[in-house]
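Engineer: Residue numbers (the working numbering), protein chains in the order written: chain V, 4 to 265; chain D, 5 to 538.
Since the hints were derived computationally from the structure, they do not count as laboratory data.
Do not take every clue at face value.
Within a straight-line C-alpha distance of at most 25 Å, the following computed PhoX-like cross-link-like pairs (lysine-lysine) qualify [what the hints assert, rightly or not]: (1) K139/D x K156/D; (2) K433/D x K9/V; (3) K348/D x K89/D; (4) K354/D x K9/V; (5) K10/V x K406/D; (6) K348/D x K9/V; (7) K10/V x K433/D; (8) K354/D x K10/V; (9) K415/D x K348/D; (10) K415/D x K12/D; (11) K163/D x K200/V; (12) K200/V x K133/V; (13) K12/D x K406/D; (14) K89/D x K406/D; (15) K131/V x K98/V.
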Amino acid sequence: MFRMFKKIIQYPRVTQVYPKGPLDTGLFRGTPEIDPNLCTQCGICLKRCPTGAIVHGESPQHIGINYDTCIFCNLCVEVCPTCAAHNAPTFELAKKFRSELRLTPIVVEERDLPDVSYAVIEDLLQQKIKSIFGRSLHIREVDAGSCNACDLEINALNNPVNDLTRLGMHFVASPRHADMLLVTGTATRNMELALVKTLNAVPEPKLVVAVGACACSGGIFRDSYATRNGIDGIVPVDVYVPGCPPRPQAILYGILKALDRI
Amino acid sequence: MKHSECKKHLIEYEQNLRDTFPLFIHHSVVRNGRELSLDISANEIREIAAYVNVQLDGTLISLFACDERHNSGDYIIRYVFCCRKSGVLIVLNTAIQPEASQFISIADQVHAAALYEREIHDLFGLIPIGHPYAKPLVFHGNWPNGNYPLRKDFAINDKPPFVDGVSSFLKISGDGVYEIPVGPVHAGIIEPGHFRFSLAGEPIQNLEAQLYFTHKGIEKLSEGMSFERGFYLSERISGDETFTNSLAYCLAIERIAGVEVPERAEYLRVLYAELERLTCHMGDLVGICLDVAFGFGAFQFRLLRNWCYQLADLLCGSRFLRSVNVPGGIRNDHVAGNETEILKRLAELKRELDDTAEIIRHQTMLTDRIENTGVLAEKTAFDLNAVGPAARASGCSYDIRKVLPYAAYDKLTFDIPVLSGGDVAARMKIKLEECYQSISLMIQVVETLPQGPGSLPIENLPAGQSAFGITEAPRGESVHWLMTGTDGNISRYKVRTPSFCNWPVLCYAVAGNIVPDFPLINKSFNLSYAGNDL
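Could you put the whole structure together from the sequences, leaning on the hints where they help?
Structural biologist: Quick look at the structure:
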C-alpha cells in the first residue's frame, strides 16, 4: 500500500494544460494543406489521393482538400513536386457544418430509416441548455463500424495526460444517462439500426458529434455494399471532427465546439 | 529457417503426398521459396486435409475462396496449412464448379475450418456439405438471399434492400436456464458485438458470439485498387494493428514484385512493430486492471501507454504509426539523429514498468480475481488454432517471428515466453513478459541499426501473381494473401487477422465462469472486432 502511495505522488502534474493553454505541436505530423501560391495544378495529388479528397475548387486554378473525406495519409505531401502540399501543425479542425470542411458542395442522402421525431428546440432554450451541459456533460460513445483507432483516441481522453473529467465531462455506460453521443465509424449495414436506437434512447436535449473521417464521410470505406458515406444520412450531427484518427485534443476541441464553449 | 532447409522440407512433403495420394494431385509448384502449392481433386479434400493436418503436422491457418470464373471457369478454394516445425506452407487448391456451388466441409476433422467455411458460404454462395453448424455468419438476417458480395459479378456499391430476418441462437433447455443478451452497443468505449449467454444461476453454460457488426466489405473494396491505394486500406483494418497489417501487406507486395528491401528498412520495421506490440499490450493491461476495479494499476498502465504514443510521435509524427511503411521499405527515416532520446525514453519506460509490475504483483484484489479465471485448455487452443499471447499462455508455443521469420527478426535475440496455466493471470504474465522482450528488441535495433537507404521503389506489379505476407501482430499470427489481376492491380486480397481465430476460443474459455468475470476474460484476450469483421 505504501509503495502505491509513493508511486502516485512521484510525478508532478502530468496533465497537459490544453484547452486552457496551448498545446506543443512540435512532433505532430499535422494537417495536409495546399498552398495556392506554389501549386502548379499538375494534378498528381488529385489523381493519387486514396479517397478522392483533393478536388478543384470554384476555379480550375484552385486545388484544395475536402477534410471530411481526407484520411491524413500524407501521400499528397510526399508526391507534390513543388512542395505546395505541406503539413501545417493544426489539429483544431472540428466544424459544425460539413460544408465548412469542404471545398465542393455536398449532398447528404435522404434519411431512409423509419422516422424518429427530433424535437425542435428553440434557440434561447438551446443556449441555456448548453451552458448547463458545459459544467457537467455525460458522454456515450457508439462505434458504428470503425477500425477502432478513433475509439482508442477517445479512450485516451481518460488517461492522466488528457483527463476529461477535469472539464466536468465523463463517459457513461447507458445512452439513457447521456447528453451527448460520440459516434465513430461509418454506419455499417449491421449497425444502422443499433445506432438509431441508441440515439432514440438518449433523452432530449442531446448532441451528436461525428468523430473521424469514417463518421464524417465514410473515409476510405466509402461506396461499399456495407457502409454509408457518413452517419449524417441517418442521424443529425452537430459537430464533425475530421481526422484518421483525430488526436484526443482534436476530439476535445470538437466536444467543446458542440457546447459552444469555443 | 534457412532457405536450403525449407527447400529440403518442401521436396520431402511433396514426395510424401504424391506417394500417399498418387491419383489426386494434378499439379504442384513451389512459390516464394517456402510455399508448396498443390492442385487436388475437390472430392478428396477431406482425406488429404486430415492427412496434412495430422501426419504432416500442418495447422490450418487460412481457408478462402476466389472467384476465378473469368479465368478458369471455376471457383477456387484454397486450404492453407503451416508446418510449424519446418517453417513451410502447404496450400491445397480445389476447383469448384459454378453449377454445383457446393464443397465438402472438413470442419468435423479439422476443427479450425468451421468459421472459414461459413464465411465462404455467406460471401460466395458455396455451400459446405456436412458442416456441423452452418449458420449465417456475416449478415444478420437483414441481407436478402442470393446476393454474394465477393463474387466478381456483384458490384461493390450495390446495396440490396433490407429484409426482416431474425438471427437464431443455440438454445439450452432445462430448469432455471435463462439467456442474457449483451450488445451490440457495449457499456464501455469499445467496438460493437453481440453475446448471447445461456446460464443456470451464475456460471455460464454456453456463450455464442455474433460479430460482423463492423463488417465494411474491405476485401471487396480492395479489388481493382492499385497497390498504392490498397496500402492505405490495409492500414485501416484494425486501429491498433495498423503497422503489422500494413507490414504483412507490404511483405506480400514485395514478394510479388521480387524486391528485397534494404537492411536498414528491415531493422526499422522491427522497431515500429515492437513499439506497436508494446502499446497494444499496455492497453490490455489497462483493461484487465479496470475490469477488476483496480484503479491504480489502470492509471499506471494508461500513463505508460501514453508514453508509448509519445515515442511514436517522436519516431514518425503519428500516434498509430500510419503512413510509415511503404511497399519497398520505410517512408521517412526519423530515427537518424534521435537515437539518444529514443534510448532514454525506452529506459524510462522499462523502469516505470518494473516499478508497476512489482507493486501489482502482490495485490490480492488483483490476484484474487485473475487466478483460475477463464481457463483455456491446451487441447482446445491447439485444435482451433488459437494464436498469440492467448495461445502461448495455454502452452502452444508458436510465434511467427521464430517460425516464418520476417524483417530483421532472425538477426536479433529475443525469447518467446510460454506458460501452461491458461488463465487470466497467465495471459497477463505473458503480456508483461512480452513487453520486456519488445523493449529489449527496440534497444537492440537502435544500437545495431545499419546505414543505408530506407526503401526501394516498386513501380509495377506483374500480372496474375500471388504471395502471402504473414506477421506476428500483437494479438497473434496475421495472414494476408494477395493476388494481382491482368492489369497489375489487386484482384483478390484475403485478410485473416489473429482475432478471427481467437473469437471461437474465447467462447470456450468462459464456460463455467460467472458472468461478472466475462468482461475480465474478454479483456484478457483483447480481441479486435474490426480485425475479425473486416
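Engineer: All hints are to be evaluated individually against the structure, with a verdict given for each.
Structural biologist: Status of each hint after checking the structure:
As the CA atoms of K139/D and K156/D are separated by approximately 24 Å, the hinted pair is consistent with the 25 Å bound. Only pairs whose Cα atoms come within 25 Å are accepted, and K433/D paired with K9/V is accepted, the gap being roughly 24 Å. Distance check on the hinted pair: K348/D and K89/D sit about 38 Å apart at the alpha-carbon level, beyond 25 Å; violated. Between K354/D and K9/V the alpha-carbon distance is near 18 Å, which keeps this suggested pair within the 25 Å criterion.
Only pairs whose Cα atoms come within 25 Å are accepted, and K10/V paired with K406/D is rejected, the gap being roughly 37 Å. Among the hinted pairs, K348/D with K9/V is consistent with the structure: their alpha-carbon atoms are about 23 Å apart, no more than 25 Å. For the suggested pair K10/V and K433/D, the alpha carbons sit about 21 Å apart, so the restraint of at most 25 Å is met. At most 25 Å may separate the alpha-carbon atoms for a hinted pair to count; K354/D and K10/V meet this at roughly 15 Å.
Using a Cα cut-off of 25 Å, the hinted pair K415/D and K348/D holds, with the two alpha carbons roughly 23 Å apart. Between K415/D and K12/D the CA atoms are separated by roughly 22 Å; this keeps the pair inside 25 Å, and the hint holds. Only pairs whose Cα atoms come within 25 Å are accepted, and K163/D paired with K200/V is accepted, the gap being roughly 21 Å. This hinted pair checks out: K200/V and K133/V have alpha carbons roughly 24 Å apart, not beyond 25 Å.
With a C-alpha separation of about 19 Å, the suggested pairing of K12/D with K406/D holds against the 25 Å cut-off. Among the hinted pairs, K89/D with K406/D is consistent with the structure: their alpha-carbon atoms are about 10 Å apart, no more than 25 Å. Note on K131/V and K98/V: the hinted pairing holds, with a Cα-Cα distance of about 21 Å set against a maximum of 25 Å.
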